[in-house]
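The sequence shown: position 20 = 20 (the UniProt record's numbering), numbered continuously.
Just so you know, the hints here were simulated from the structure itself, not pulled from any lab data.
Note that the structure is predicted; figures quoted are calculated from it, not measured.
Backbone N, C-alpha and C define an ideal beta-carbon position, used for all residues, glycine too.
Wrong hints could be hidden among the right ones.
What the hints assert, rightly or not - No more than 25 Å apart at the CA atoms, straight line, and that leaves these computed lysine-lysine pairs for BS3-like:
(1) K87 - K33
(2) K17 - K87
(3) K17 - K49
(4) K87 - K125
(5) K65 - K87
(6) K33 - K138
(7) K163 - K49
(8) K125 - K139
To be verified - Each pair of labels, with its calculated beta carbon distance range:
(9) L111 - Q152: 42 to 52 Å
(10) Y158 - Q91: 35 to 45 Å
(11) K104 - N62: 18 to 28 Å
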Amino acid sequence: PDRTLATRRISGRKKNKERLSIALCANADGSHKLPPLIIGKYANPRCFKNINIRNLSMTYRNNNKAWMLTTLFQDWLRDFDRQVGQKHRGQRVLLLLDNCSSHKIEGLNLLNVDVHFLPPNTTSKIQPMDSGIIMSFKKHYRYYHIHWILEQIEAGQYIQDLKMSVLQVIQYIIQGWNEVTTETISNCWNHT
1 PDRTLATRRI SGRKKNKERL SIALCANADG SHKLPPLIIG KYANPRCFKN INIRNLSMTY
61 RNNNKAWMLT TLFQDWLRDF DRQVGQKHRG QRVLLLLDNC SSHKIEGLNL LNVDVHFLPP
121 NTTSKIQPMD SGIIMSFKKH YRYYHIHWIL EQIEAGQYIQ DLKMSVLQVI QYIIQGWNEV
181 TTETISNCWN HT
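All chains should be built: construct the whole structure from the sequences, respecting the hints.
Here it is as structure tokens:
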């Protein structure tokens with residue numbers, strides 16, 4: 001589902017305020033999908049105890065609102081530029097970005113990446129990620145999330161007591177992104 005299925009509000013319940021932001025990136029034919037950038041509120045969530053997050057195929061960053069900030073974006077872009085230099089050795093790549101306020105590149109010396117900003121208010125029409133790639137990712141993520149909820153209920157847990165850990169959510173994000181096919185990515189690029 002892409003919206004709530006609830007038919008009424010339940011009073012006396014605290015709303016879960018845990019948040020994660022995700023950034024996804026892939027090339028036009030889908031042959032190179034970067035690990036998701038996941039932004040949480042805490043530097044070391046309790047669920048990361050005894051876990052080496054470097055072994056997970058994602059990049060984790062944090063700030064108190066779990067938002068994409070300019071500093072986080074620029075760090076990610078510098079790292080991406082370095083990776084492109086190592087992988088493509090002198091061949092530059094084009095990175096398409098929307099006009100999100102955190103997407104500032106002034107002062108960055110990018111050696112391997114050319115950045116092109118899409119015109120304002122055109123993202124939904126010409127950005128490949130918004131033309132089905134993110135929707136496909138969300139579909140896969142939600143499958144895992146709902147499957148987990150059903151497993152818990154079938155095991156006798158009360159729905160109001162369910163709380164998924166940030167680590168579990170991250171694992172489902174990784175799985176969901178891995179399930180987005182090269183064909184889906186390629187089709188979305190061709191569609192835009």
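>> Check whether the Cα positions of K125 and K139 lie no farther apart than 25 Å.
In response: Holds, at roughly 20 Å.
> Keeping to a limit of 25 Å between CA atoms, is the pair of K163 and K49 held or broken?
Replying inline: holds, 17 Å
>> Given the hinted pair K65 and K87, is their Cα-Cα distance within 25 Å?
In response: Outside the cut-off at roughly 33 Å; violated.
> Within 35 to 45 Å or not, the Cβ separation of Y158 and Q91?
Replying inline: The hint (35 to 45 Å, Cβ to Cβ) is violated, given that Y158 and Q91 are roughly 55 Å apart.
> When you check the alpha-carbon spacing of K33 and K138, does it fall within 25 Å?
Replying inline: holds, 16 Å
>> Tell me if the straight-line CA distance from K17 to K87 falls inside 25 Å.
In response: At roughly 39 Å apart (the allowed maximum being 25 Å), K87 and K17 break the hint.
>> Against the 25 Å threshold, does the CA-CA distance of K87 and K33 hold or violate the hint?
In response: Since the Cα atoms of K87 and K33 sit roughly 13 Å apart, the hinted pair holds (cutoff 25 Å).
>> K17 and K49 were given as a pair; does the straight-line alpha-carbon distance stay at or below 25 Å?
In response: holds, 21 Å
>> Quick check on a hinted range of 42 to 52 Å for L111 and Q152, using CB atoms only.
In response: holds, 48 Å
> Can the suggested window of 18 to 28 Å be confirmed for the beta-carbon pair K104 and N62?
Replying inline: This hint holds: roughly 20 Å between Cβ atoms.
> Given the hinted pair K87 and K125, is their alpha-carbon gap at most 25 Å?
Replying inline: Status violated; Cα separation ~31 Å.
Hints 2, 4, 5 and 10, counting from the list given before, are not met by this structure.
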